[in-house]
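The lines below spell out each chain.
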Amino acid sequence: MALLLRTHYKLAKASIRENRTRSFLTCLGIAIGVASIILILSLMGGISNLVKSEVSEIGSDLIVVRPISTKDSITNIVEELTSANSFQKSNLSVADVKTIKKVEGISAVAPIAVSTNTVASEKNTFSSVPVLGTNLDFIKIEPLALRYGAFLTENNEGNSVVLGHTLSLALFNTINSTVGKTVTIMGEKFMVVGVLDSIDKSINFDNVDFDNALIMDINALDKITGSTQIQQINIKANNTDSLPKISEDIESALVNQKLGDKNFSVSYGDKITHPASSLFMIVSGMLTLVAMISLVVGGIGVMNIMLVSVSERNHEIGIRKAVGASSRNILMQFLFEALILSILGGILGLILGYVLAFIISTITPFAPHISLGIILVTFLTTLVVGIIFGIYPALKAASKNPIDSLKHYR
Amino acid sequence: MSENILIELKGLTKRYGYGDTESFALKDFDLTIKRGEFIMIMGPSGCGKTTLLNIIGLLDRATYGEYILNGENVAGISARRQARLRAKKIGFVFQNFNLIEDLSILENVALPLVYTGYSKTARLKNASSALKRFHLQEREYYFPYQLSGGQQQRVAIARAIVGNPEIILADEPTGNLDSRSSHIVMEELKAIHEEGNTIIMVTHNPALTVYATRVINMLDGQIDTDVKTVADANLPQPISVKIKRKKKETETVEIITPENDDEEKNKEEKKHKKGRRK
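Going down the list, the protein sequences come from chains A and B.
Numbering-wise (numbering that gives the first Met the number 0), the first sequence opens with residue 0 and increments by one.
Numbering-wise (numbering that gives the first Met the number 0), the second sequence opens with residue 0 and increments by one.
Because the hints were derived from the structure by calculation, they are not lab data.
Check the hints yourself; a few may be wrong.
With beta-carbon atoms standing in for the labels, derived distance ranges [what the hints assert, rightly or not]:
#	chain 1	residue 1	chain 2	residue 2	range
1	B	80	A	378	47 to 53 Å
2	B	132	A	387	42 to 48 Å
3	B	79	A	299	29 to 35 Å
4	A	295	B	15	41 to 47 Å
In silico lysine-lysine, DSSO-like type, Cα no more than 30 Å apart, as pairs [as the list claims (entries may be wrong)]:
#	chain 1	residue 1	chain 2	residue 2
5	B	26	A	406
6	B	119	A	9
7	B	87	A	12
8	B	189	A	406
9	A	97	A	139
10	A	101	A	257
11	A	244	A	101
12	A	406	B	87
13	B	124	A	9
14	B	9	A	12
15	B	9	B	33
16	A	261	A	235
17	B	124	A	12
18	A	12	B	131
For glycine and all other residues, C-beta sits at the position ideal for the given N, C-alpha and C.
Starting from the given sequences, assemble the full structure and let the hints guide the process.
Here it is as structure tokens:
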């Protein structure tokens, strides 16, 4: 049996080599499908790795409170996708921040409220600048380094702002002499007290691109915009071991304050992910689905070429049967050919996918995630595709009547 | 049952179509074939010659009737067992040679051995010595289209005998050949027959019947005339066949078949063949 399998393998190899161009194109169909799956999975993995590593950098004593929409997630996501501002519905308030502060074992609490505003300096004006409203505790939790100046202090919090590295360059064309200058937001003037160091992490658990952001006091932001929406409250605990208890305390305190309405989530450790995680998952799920469809199209290509091969080799099938090949021998011969085509396509796709992922990673802040699991799943998928789309042509070849096949000669 | 009987056909009927379109390629066909016979089947087109050959070669099945091969009724066995019997006991020679165009001569000849579980080296070795016999060894790596019709047919015969089958079935093997090539091919078949193989051949050419030990004329799916030109006792002794079936009993086989004149020669050949198998 093993001998026969090797023979089938050799026959398939010979036949594939015989029709090189055709086989290559068929493989390419599979390869494109596999490559797109690999690309999406590795980039997705890269993004979640990035967020995870950031959380561990900040420290294991972080607790995050986020609002939960009462609507079901699909409606929510559709609304998020269709609205210009992705942070509209929040049910966390400044009062909640005060409530959390009272919980025992906490060293710092910082709300994060982001709105987009037009920011102007004497030289330039920029619209759609993310303006982050927070409090003085923020710098205790986030490990943000300041390039120049200082963070907000109690004395200046009402009328001062801190600029991100890139934003400072954009507004004033410089970073070193920015401190002390003024910016105008919705008619109000604010003084720049500090400029952040470049951090180059646009994807983080705060979902704020700090390089481009402007940081100010949440009350001042509330004053100029009229309403602030808190997307997230970051909490630093005194003690890592008591995280579960503290988060429970926070939860019960908030539920009390909101009269039993539990429309928020409290998470810590590994559970802190990207804030738009569910949206992200759905989008990448959709992309994976599209990639799957292209893999199916590739599979149909394999089936098509195998059917052509079967009818081309009708005479050969007749001869083989006449000299003693059983239907099963013929079936295996053609199935092997389909399998080899799709596995070759899979290998090609694996390489192509990772090359593409690395090329993309040079312009994005995250490295592609390579795991043995993904490679294994891809291999199995191509195997399954090969069998599914190879079995019909192989069965067709095997069921040929040798007498009819022998009559068909070229 | 006499042990020399190779094939017994009893009441073999092959029907095509039903009702008004019903027609019979074979009708209540009875035939007994002994080992070592060289049978020529003649008859007009559509009298069922090829159908008979296909049924004997286990490529086709009779609608009803018995087909006893080596004492075993093979009419109703599974397709898989039929294929195995085809690989081991039957060699086909066709009018249009039926060589695989994409394979070299050597690979074509080795083809039947693929399905009987030989290693690649053994396959090519056996194929090579089969080709040598037909003086084609220097053309081993040619492709079928590079050979003349007569050469192609000799390759096809080499393929038919490479697995040491008991029965060679030839469907108008000289039909596509000129008279010179026909003569060579027939001489080769004769040589194979003299070594003890049973050959059943369909032909339209009455001149070829001189090679046969038995000539059957068919008409409308039945035997019209059946003439034996050689007495049963004088049929060549089948040797390689028995060695193949039961290797350990080769000694007894020799004792059972002592009347052969060139026993010594056969023994040698037997050894040669056995060696080749390993």
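- Item | Satisfaction of hint between residue 87 of chain B and residue 406 of chain A, Cα-Cα up to 30 Å | Holds, because 23 Å separates the two Cα atoms, which is no more than 30 Å.
- Message: So if I understand the rule, the pair passes when the alpha-carbon distance is 30 Å or less; does residue 119 of chain B with residue 9 of chain A pass?
- Response: 11 Å, holds
- CA of residue 189 of chain B to CA of residue 406 of chain A, is that 30 Å or under? Holds, at about 27 Å.
- Item | Outcome for the supplied range 41 to 47 Å, where the beta carbon pair is residue 295 of chain A and residue 15 of chain B | At roughly 43 Å between Cβ atoms, residue 15 of chain B and residue 295 of chain A fall inside 41 to 47 Å, so the hint holds.
- Take the C-alpha atoms of residue 244 of chain A and residue 101 of chain A, compute the straight-line distance between them, and say whether it is at most 30 Å. 14 Å, holds
- For the pair supplied as a hint, residue 12 of chain A and residue 131 of chain B, confirm whether the alpha-carbon distance does not exceed 30 Å. Since the Cα atoms of residue 12 of chain A and residue 131 of chain B sit roughly 29 Å apart, the hinted pair holds (cutoff 30 Å).
- Message: Can you tell me whether the CB distance of residue 132 of chain B to residue 387 of chain A sits inside 42 to 48 Å?
- Response: Given a distance of about 47 Å, which is inside 42 to 48 Å, the answer is holds.
- Query: Does 47 to 53 Å hold as the CB distance between residue 80 of chain B and residue 378 of chain A, or does it fail?
  - Reply: Hint violated: Cβ distance 37 Å, outside 47 to 53 Å.
- Query: Given the proposed pairing of residue 9 of chain B with residue 12 of chain A, does the C-alpha separation stay at or below 30 Å?
  - Reply: With Cα atoms ~46 Å apart, residue 9 of chain B and residue 12 of chain A exceed 30 Å; violated.
- Message: Given the hinted pair residue 97 of chain A and residue 139 of chain A, is their Cα-Cα distance within 30 Å?
- Response: With Cα atoms ~17 Å apart, residue 97 of chain A and residue 139 of chain A stay inside 30 Å; holds.
- Does the structure keep residue 101 of chain A and residue 257 of chain A at a Cα separation of 30 Å or less? 15 Å, holds
- Task: For the pair supplied as a hint, residue 261 of chain A and residue 235 of chain A, confirm whether the alpha-carbon distance does not exceed 30 Å.
- Result: 22 Å, holds
Going down the numbered hints, you'll see the structure goes against 1, 14, while the others check out.
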